[in-house]
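Asks: These protein sequences, in sequence, are chains Z and P.
Residue numbers for the first sequence, in the working numbering: 942 to 1057.
Residue numbers for the second sequence, in the working numbering: 3 to 112.
What the hints contain is simulated information worked out from the structure, not anything from laboratory work.
Glycine included, each C-beta is placed from N, C-alpha and C at the ideal position.
Take these hints with a grain of salt, some might be off.
Partial list, derived from the structure: chain Z residues whose beta carbon lies under 10 angstroms from chain P [to be verified]:
| # | residue |
| --- | --- |
| 1 | V945 |
| 2 | S959 |
| 3 | W963 |
| 4 | S968 |
| 5 | A971 |
| 6 | T972 |
| 7 | G983 |
| 8 | L986 |
| 9 | Q1000 |
| 10 | F1006 |
| 11 | I1038 |
| 12 | N1044 |
| 13 | G1051 |
| 14 | R1053 |
Ranges between beta-carbon positions, derived for each pair [to be verified]:
| # | chain 1 | residue 1 | chain 2 | residue 2 | range |
| --- | --- | --- | --- | --- | --- |
| 15 | Z | A961 | P | E5 | 25 to 35 angstroms |
| 16 | P | I111 | Z | L1025 | 41 to 51 angstroms |
| 17 | Z | D1004 | P | R78 | 22 to 32 angstroms |
| 18 | P | R43 | Z | K985 | 10 to 20 angstroms |
The chain contents come next:
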Amino acid sequence: EAGVAQSPRYKIIEKRQSVAFWCNPISGHATLYWYQQILGQGPKLLIQFQNNGVVDDSQLPKDRFSAERLKGVDSTLKIQPAKLEDSAVYLCASSSIGTARYNEQFFGPGTRLTVL
Amino acid sequence: RKEVEQDPGPFNVPEGATVAFNCTYSNSASQSFFWYRQDCRKEPKLLMSVYSSGNEDGRFTAQLNRASQYISLLIRDSKLSDSATYLCVVRNSGNTPLVFGKGTRLSVIA
């Protein structure tokens, strides 16, 4: 079974530039998450989708970050304009729609963003 | 108070040693508990779920104390390949986001 795919794997930009990340979840997984992991920290949720609807975006800095999942499959996360503190790894995860307490989330390899 | 707290380490232990990691969580409504392993520059991967009765998977034993809101992971007979960061994770219900601790770094030394 193919895992969660993300691209690009690495990105270096200057502050105030824009950047976009792409995620393709595991086939059939209705729930998709974007997490931000800053060096030395655990991942922190940015946004959760169920199919093409947003479930939780309370921690998404909406003045500069946006995300969409138009057809309920692939998703893109955009930062515009980027700040130095956005340097982090952006992890996409997906899970099936079940509500079982131990419903597993599967992570993609992440996109490592460096803002100069 | 952070939702999930764990000692960042590093823990430097010799091969064959037994090492234990602890974690506390603040939300008493949390329903699910996990330990994830993250290798350097890699994504987190599920190591094991943590059940109320405690559970074991080979050299790894996880315990949950709901009254104290405390989770532990014990690794017996440490191997070099166990070197990684171990992330304590909680979740409120089946389809909600994971809440991660900062992770505890383990180095197993030959």
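Asks: All hints, please: hold or fail.
Replies: Against the structure, the hints:
no., hint, result
1, V945, "holds, 8 angstroms"
2, S959, "violated, 25 angstroms"
3, W963, "violated, 16 angstroms"
4, S968, "violated, 18 angstroms"
5, A971, "holds, 9 angstroms"
6, T972, "holds, 6 angstroms"
7, G983, "holds, 3 angstroms"
8, L986, "holds, 4 angstroms"
9, Q1000, "holds, 9 angstroms"
10, F1006, "violated, 16 angstroms"
11, I1038, "holds, 7 angstroms"
12, N1044, "holds, 5 angstroms"
13, G1051, "holds, 5 angstroms"
14, R1053, "holds, 8 angstroms"
15, Z:A961 - P:E5: 25 to 35 angstroms, "holds, 30 angstroms"
16, P:I111 - Z:L1025: 41 to 51 angstroms, "violated, 36 angstroms"
17, Z:D1004 - P:R78: 22 to 32 angstroms, "violated, 49 angstroms"
18, P:R43 - Z:K985: 10 to 20 angstroms, "holds, 18 angstroms"
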